[in-house]
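S.K.: Those sequence lines, one after another, are chains A and B.
Using my numbering, the first residue of the first sequence is number 896, and each one after it goes up by one.
Using my numbering, the first residue of the second sequence is number 27, and each one after it goes up by one.
Worth flagging that the hints you see were computed from the coordinates, not collected in a lab.
Careful: at least some of the hints might be erroneous.
To be verified - What follows is a set of in silico ranges between Cβ atoms, one per label pair, in the way DEER data are often shown:
(1) B/Lys179 x A/Gly1442: 23 to 33 Å
(2) A/Leu986 x B/Asn33: 41 to 51 Å
(3) B/Ala95 x A/Ile1088: 50 to 60 Å
(4) A/Leu1103 x B/Ala95: 47 to 57 Å
Don't be surprised by glycine CBs; every beta carbon is placed ideally from N, CA and C.
Given next are the chains, with one letter for each unit.
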Amino acid sequence: MTFLHKYPKAAKVAKANFIVAFIALAIGGLFGFVQALHRTNVFRGFINSGEYYTLLTGHGVLLALIFTTFFIAGLFVWGVTRSLDREPENLTFTWSWFWLMTIGLVMATVAILGGLVPDSSIRAAVLYTFYPPLQAHPMFYIGLALVLIGSWMAGADWFWSYRKWRADNPNERIPILTFMTLFTMLMWYVCTIGLALEVVGLLIPWSLGWVTEIEPLLPRTLFWFFGHAVVYFWLLPAYYVWYAILPKLSGGRLFSDSMTRIVFVIFLLLSTPVGYHHQYADAGISVGFKFYAMATTLLLLLPSLITLFTVVASMEHGARQRGGKGYLKWIGKLPWDSPAFVGCAFAGIMFAAGGFSGMINASMNINLLIHNTIWVPGHFHLTVGTAVALTFMAITYWLLPQLTGRKLKHKTLALIQPYAWFLGMTLMSNAMHRAGLAGVPRRTAEPEYMGFDFEPIFGTMAEMKWQIAIGGTILTISLILFLWVVVASWLAGEKSDKPVDDHIPEPLSGVEHTPAILDNMKLWFTLALVLVVLAYAFPLWEMVADGIFSPGALPRPS
Amino acid sequence: MNEEQSNSSTKRLVKILVIVGIGIPVLVELMTLFNLINVQIFEDEEDVNGQDSNVADVRGFGEGDTLFADQETAVLIDQLRVKVSTQEWRFVLGLTSVDSISQDKLQIQVDSLILQSDKVLMSNDSNIWKFQQLVPAQAYGEWILPNGDIPTKLFISMYQGAAADSTYQISQEVPLEKIPVRYNQE
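Just chain A, same shape as in the assembly:
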């Protein structure tokens, strides 16, 4: 018996979310490949530089917002159902949020792809950040609003299951998979306040022509209220996998239940008040608040380092169970022939590298060296593009058999895939970071200036461009391998009652050693709101004190 046989309704919901996620991954990944070749001038035959921004928007929105959100929804349906041992409470409600998110996704995607249709008035070349002065068709913003509302309903669905479970189990501690889900969603509720205000209060009325002037700083600030915390909304499900499943894949057990809960509590508290570190170069926000954001951002290193310790300790325990010895020799005993393990392990390594460049982004002074350069995409392709995306792909190799009741096919291709991703991303991201140090800008199809040469610290610009293009190509091959394995396994994998070993062992230091206060959601949620109010209340008040739309500026150059 596997998940599909025990919880067929939840399995269907999780699979539906995964289907949408993988379609978004395929389209967004293809756009990324075209961008890599176009921007580096290696091949410009697919699009012109005007259409580049449509693809850039599609790449960002489909991968960073749609692939992640739907995959996370599928993962959390699996985790909550399994750990609470109950199917969703009301399937009508469950399918409602799924279809609401899907309709929103289709609306946003149609608006983006409209940019590729000649003379279309429907377009949304507004990049992933979508704040003014770039303006999209109203369908884009309304679609995003529906995805957001759907995600809120999904969270409510999991809280509903939890309340029902709690009524039956008044003295039990929250199971770890459900704990991580609920705290991630609490953080999501806090940070999406900013997004909802921006999209519903400003962007939809503006795109419909109801207002013509916007205080330019306000939507930017509201976006970044959400815009960095959303990184943790992607990342916490990766942590979820590293804490709950990776130790088992290593052959061992989670090192500490309490460490896991502490990390999720800290992320709930600190994820949102950090947004100003994306606005260090923005006038109109006091440097004191920027400093506050820097401090909270750097404090987030703490849960990341706790995670590094706990996950590596869990992996070491697994390796020693498999006969590993010595200070480092145990690493060789880890299951390097398991695609699920290899993908998660590489994702963790890449996340550590992304953490180093993230420290530079977070620091007010040295951030200015790399602000708005291609260094920044180099950074987030390590964090979101690998730590999150590769974890999601890798764990699919373990989850898919449970959801479909079919064994994985093409295991050799599945094994090659994470190694190829690691290689491709290293090449691409390394060159992006180096080009950023030379001042090469981001978010442009035409990154070079005539009469001016970038001065790389070492190497040449041509060599960096080729490294980016080759890296992007290897990543695309890796993505094709992943999709091929998934589709083949889903449609033609051998049916089995036990297609994969899905047992998750208890932690070495279990919940009995974990302080009960960590489960107090009301306390931590209230504290999180207080920290957000401290960070944002005064600056936002300054922006809206003379009216939400004034002093207004024409939202685009006149």
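Got chain A; can you put chain B on it based on the hints?
M.R.: For chain B alone, kept in the frame of chain A given last:
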């Protein structure tokens, strides 16, 4: 036996994957680290790659620069842009006279545009501008470009009234700086 063979081939594959998939990334990162340290500690920044500070000397003309600067009627470039929509690339050139025009017969003509692809766009009648005695005198011209192409140089001539029944002509080769490409959502 089959299982043993399969295990052995998987082990071989893992070795290859580790060498390629981990070895190359480690090598790339180590080389990056080495080069960064080497440049910071052992080399002067100006010596890197043999680059020097004269790069700016070859700077082309851009918005705000003056054409025919040594002439009586200098002309300012007040617009130099490529406007892009999904289906069309348009090059826009706007000129403004710096001082009042004293001659009745001042005429400026863009003779040709050299594009990044080395294609040449020749002038047409709409690119001949006759300046009147207005201050400031302004003129604008547009060219449809092949998608993705950008002008790198233009040849421009000025015809100025001299004595009765005569004019004199001055031609200038104008290398252009990287022209801003503006995406037009309309």
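S.K.: Each hint: holds or not?
M.R.: Quick rundown of the hints versus the structure:
1. B/Lys179 x A/Gly1442: 23 to 33 Å: Roughly 50 Å apart at Cβ, these two residues miss the hinted range, so it is violated.
2. A/Leu986 x B/Asn33: 41 to 51 Å: Holds: the Cβ-Cβ distance is about 44 Å, inside 41 to 51 Å.
3. B/Ala95 x A/Ile1088: 50 to 60 Å: Holds, since alanine 95 of chain B and isoleucine 1088 of chain A (Cβ atoms, about 57 Å apart) stay within the stated range.
4. A/Leu1103 x B/Ala95: 47 to 57 Å: For leucine 1103 of chain A and alanine 95 of chain B the Cβ distance comes to about 49 Å; the hint holds.
This entry does not satisfy hint 1, going by the numbered hints stated previously; all others are met.
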